[in-house]
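We have chain L; now place chain R with the ligands onto it with these hints.
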Amino acid sequence: MKALVAVKRVVDYNVKVRVKADQTGVDLTNVKMSINPFCEIAVEEAVRLKEKGVVTEIVVVSVGPAAAQEQIRSAMALGADRSILVQTDDAVGSLGVAKILKGIVDAEQPQIILLGKQAIDDDNNQTGQMLAALMGVGQGTFASEVVVEGTTMKVTREIDGGLQTVALPLPAIVTTDLRLNEPRYAALPNIMKARKKPLDTKTPADYGVDTTPKVKTLKVTPPAERKAGIKVKSVDELLDKLKNEAKVI
Amino acid sequence: MSILVYAEHDNASLKSATLNVITAAQQIGGDIHVLVAGQNCQAAATAAAAIPGVAKVLLADNAAYAHQLAENISLLVADLGKGYSHILAAATTTGKNFLPRVAALLDVGMMSDITKVISADTFERPIYAGNAIATVQTSEAIKVATVRTTGFDAAPATGGSAAVETIAEAKDAGKSSFVSEELAKSDRPELTAARIVVSGGRGMQNGDNFNTVLAPLVDKLGAAMGASRAAVDAGFVPNDLQVGQTGKIVAPELYVAVGISGAIQHLAGMKDSKVIVAINKDPEAPIATVADYFLEGDLFQVVPELTSKL
Ligand SMILES: Cc1cc2nc3c(=O)[nH]c(=O)nc-3n(C[C@H](O)[C@H](O)[C@H](O)COP(=O)(O)OP(=O)(O)OC[C@H]3O[C@@H](n4cnc5c(N)ncnc54)[C@H](O)[C@@H]3O)c2cc1C
Ligand SMILES: Nc1ncnc2c1ncn2[C@@H]1O[C@H](COP(=O)(O)O)[C@@H](O)[C@H]1O
Numbered sequence: 001m002k003a004l005v006a007v008k009r010v011v012d013y014n015v016k017v018r019v020k021a022d023q024t025g026v027d028l029t030n031v032k033m034s035i036n037p038f039c040e041i042a043v044e045e046a047v048r049l050k051e052k053g054v055v056t057e058i059v060v061v062s063v064g065p066a067a068a069q070e071q072i073r074s075a076m077a078l079g080a081d082r083s084i085l086v087q088t089d090d091a092v093g094s095l096g097v098a099k100i101l102k103g104i105v106d107a108e109q110p111q112i113i114l115l116g117k118q119a120i121d122d123d124n125n126q127t128g129q130m131l132a133a134l135m136g137v138g139q140g141t142f143a144s145e146v147v148v149e150g151t152t153m154k155v156t157r158e159i160d161g162g163l164q165t166v167a168l169p170l171p172a173i174v175t176t177d178l179r180l181n182e183p184r185y186a187a188l189p190n191i192m193k194a195r196k197k198p199l200d201t202k203t204p205a206d207y208g209v210d211t212t213p214k215v216k217t218l219k220v221t222p223p224a225e226r227k228a229g230i231k232v233k234s235v236d237e238l239l240d241k242l243k244n245e246a247k248v249i
Numbered sequence: 001m002s003i004l005v006y007a008e009h010d011n012a013s014l015k016s017a018t019l020n021v022i023t024a025a026q027q028i029g030g031d032i033h034v035l036v037a038g039q040n041c042q043a044a045a046t047a048a049a050a051i052p053g054v055a056k057v058l059l060a061d062n063a064a065y066a067h068q069l070a071e072n073i074s075l076l077v078a079d080l081g082k083g084y085s086h087i088l089a090a091a092t093t094t095g096k097n098f099l100p101r102v103a104a105l106l107d108v109g110m111m112s113d114i115t116k117v118i119s120a121d122t123f124e125r126p127i128y129a130g131n132a133i134a135t136v137q138t139s140e141a142i143k144v145a146t147v148r149t150t151g152f153d154a155a156p157a158t159g160g161s162a163a164v165e166t167i168a169e170a171k172d173a174g175k176s177s178f179v180s181e182e183l184a185k186s187d188r189p190e191l192t193a194a195r196i197v198v199s200g201g202r203g204m205q206n207g208d209n210f211n212t213v214l215a216p217l218v219d220k221l222g223a224a225m226g227a228s229r230a231a232v233d234a235g236f237v238p239n240d241l242q243v244g245q246t247g248k249i250v251a252p253e254l255y256v257a258v259g260i261s262g263a264i265q266h267l268a269g270m271k272d273s274k275v276i277v278a279i280n281k282d283p284e285a286p287i288a289t290v291a292d293y294f295l296e297g298d299l300f301q302v303v304p305e306l307t308s309k310l
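Read top to bottom, the protein sequences are chains L and R. Mind the numbering: the first sequence is residues 1 to 249 in my numbering, read in order. Mind the numbering: the second sequence is residues 1 to 310 in my numbering, read in order.
Okay, chain R solo, but in the shape it has when bound:
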């Protein structure tokens, strides 16, 4: 068996999600090759080559792969992937965007968001917003799956020394072009990789309160900031902070939900956190059913007090 892992990166560095996918690949077992596709992404390839257990790194450095356009990346991965037993990518917006295209090009069904490897062809994945766990088995010759990073520990990042092989041929489908990007800039840890996440909901009332009331707590804890959909929809914070079934899935050591009721769709994104704290003025809020520590109170009093006592 040999496994092709698609590296998540920003050209300059490898994203930690790749390390979680490597762990899933190791649990499946077999030779692991990592594909780094991008533009000026040599540094990311070098980082991938340092992951222990990686047998080979494939480097596809070309303008066609800048911005990770699914139309082009999928042609590349489907072409390379024919020789592998498994093709894996992280269940990020990048992986979710191109990998189903790869599966369709290879005429195989795929599995999204696997959280557990049972055997080389059998996996667990959550369905119905995590209210049920399906055990799925695939009889496809090439097994294609996105990996939910919270289901697997990160593999070590250094210690290995795989060879880097260059793929010269570029695949340009000519079906899409990049126009622009607005990337959130933050000095805080990445939401999906942070040890502590503090999220605010509709109870925050407005964006200013996120900055003046919540941010001091977030920063004192060295945490990442998250939000409920209601807070994002209301424009309090940008979309990349949304935690939930249809946002980001997080499982930090500590998750603090502030002014969040705990709708099914929100719980789907955070209920695997190790310790959950909820601060809410409504003792009946459904978040209480998953919170290890529930503090009933007005967040505008509780949060500043908590921040000052830390």
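Next comes chain L alone, as it looks inside the complex:
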């Protein structure tokens, strides 16, 4: 069976972003960009399913600028077989991305569709659920374990109270949580091979999707700064401060 994995190009998780002075967004000039960590986990899971013989082909898709080719190539270096870049410079919202992915699903007919649980730029945590609704299929969100048994998939989900396991008939959606797996490092020969793997370029219009978002960002501002605190020298001083200054205990 075929697996489809959606990967997003985002600011690297180690970067502490700064808001632009004109409040139009965050400053991305010369900032390191990477594959969204949750998407990397999604790719790794697809590769493991392929290694287990469950999946036979892995298609990676990204919606974004031409530069997202870099992230697509790294996904192929991890083991994906081919890829589709739906190229646009617009900031496509989660619903727009889900609609584009629905178009790709219709064309590719994958049985397992893997996404990250959230993109660490917009922190939306929406796209996988939206795609599942558009497809009318089941979803295993925030997955920490995925087991495919014939035409059913069992997904263990990280929920606020602990863990929940659900069974979903295929095709179905998985969104990955951090503990699903630890992505491998791409070996150099695989990075070389990935350069030759097929990459198709499409546009949102190819899937009939209008990417103009109806949720508009009016401005982006820095968060309230905390005042720098003090160093206390002893447990006694700490207790004194908590009791008499902060009055929290």
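Careful, some of the hints might be misleading.
[What the hints assert, rightly or not] Okay, the calculated beta carbon distance ranges per label pair:
| hint | chain 1 | residue 1 | chain 2 | residue 2 | range |
| --- | --- | --- | --- | --- | --- |
| 1 | L | ALA107 | R | GLN137 | 33 to 39 Å |
| 2 | L | ASN30 | R | LEU310 | 45 to 51 Å |
| 3 | R | THR289 | L | LEU218 | 40 to 46 Å |
| 4 | L | ALA224 | R | ASP31 | 29 to 35 Å |
| 5 | R | ALA120 | L | GLN111 | 38 to 44 Å |
[What the hints assert, rightly or not] Some residues of chain R that are not near chain L, with every Cβ distance over 10 Å (derived):
| hint | residue |
| --- | --- |
| 6 | SER16 |
| 7 | THR23 |
| 8 | ASN62 |
| 9 | SER74 |
| 10 | GLY83 |
| 11 | GLU165 |
| 12 | ALA168 |
| 13 | ASP219 |
[Stated by the list, open to error] Cross-link-like lysine-lysine pairs, in silico, PhoX-like; alpha carbons within 20 Å at most:
| hint | chain 1 | residue 1 | chain 2 | residue 2 |
| --- | --- | --- | --- | --- |
| 14 | L | LYS233 | R | LYS281 |
| 15 | L | LYS50 | L | LYS243 |
| 16 | L | LYS216 | R | LYS116 |
| 17 | L | LYS227 | L | LYS247 |
| 18 | L | LYS243 | R | LYS274 |
| 19 | R | LYS274 | L | LYS247 |
| 20 | L | LYS247 | R | LYS309 |
Calculated directly from the structure, the hints in this document are not laboratory data. Note that CB positions come from ideal geometry on N, CA and C, so glycine has one too.
Same frame as chain L, but now just chain R with the ligands:
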């Protein structure tokens, strides 16, 4: 305007997160209806009806809604939601699971984790792990959002007397089934609602130390226990304790970070706490940039001393 609030509950009782969502709904303004969907959830509906300001409670009590399966709940909420100007749910793993499905079924974009109501169509929400705050405006006819509970005070739980209306028709998508659940049992307060949170990080070294070194402090303070991702990944404690960008968001009166360096992703989950204490042997640890009180020292000496002097 009328607002549909999805109640967070465990059938027997209403979760306090619902009360924070009610406050957000009141700030938007309009008639507030609360939907309680579950199985044998009459008690939760009764509790919802007692919240002052709630005009009506909708009770959907059916096996299809047991375990809050998103496939079924979303069909119900999308169907009911057509008549409302806003649909709100708490930004918990339940709300985050089903509400985007509702938005897609209604063909509207949604807003996750709103922390402030500017007007009926304009909201603030954190992006980039809270390193930036976006002001977003939606032109959708139905405004769908999850509400970050730390952004809104809890509404009073009692004093109201709304009517409870039963919804008989059940929506079963037939696309998922519940297999099992492993719920953490704890006598401690709930992490996201606790007045004091004490979290341990990789510096705790192992799970035993969480029990023998950290737990006595947690319990003496009547606090909830939290953890960094590193501590969860290493298996010291279960996943439901993780605080951060991708774990739980907490904003207690007092947050004590023990053996936690303060990575961006951890700070995202706790930097709105009123008072932050850090106990760390490294004076350069980034947690120092947000801590009101930073105590440099070995946690294995400091924590027992602190516990004994409380
Ligand atoms: C996509 C993504 C999402 C993430 N989401 C989260 C999240 O939600 N929550 C989260 O917490 N992390 C998250 N992380 C991980 C985060 O980047 C850090 O790796 C993690 O928070 C580090 O945990 P830590 O502070 O416990 O460990 P470390 O960074 O290893 O820090 C341990 C600290 O303990 C101190 N220490 C050690 N021994 C002692 C001692 N005896 N006495 C006193 N101090 C001591 C050290 O000085 C050090 O500062 C995420 C990462 C990614 C990539
Ligand atoms: N532009 C995009 N291109 C490809 N995949 C995306 C894109 N945006 C979101 N996704 C997928 O949806 C997941 C959740 O993203 P979000 O709902 O935006 O937080 C990501 O981890 C990706 O798997």
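Tell me, which hint numbers fail for this structure? The structure breaks hints 3, 9 and 15; every other hint is satisfied.
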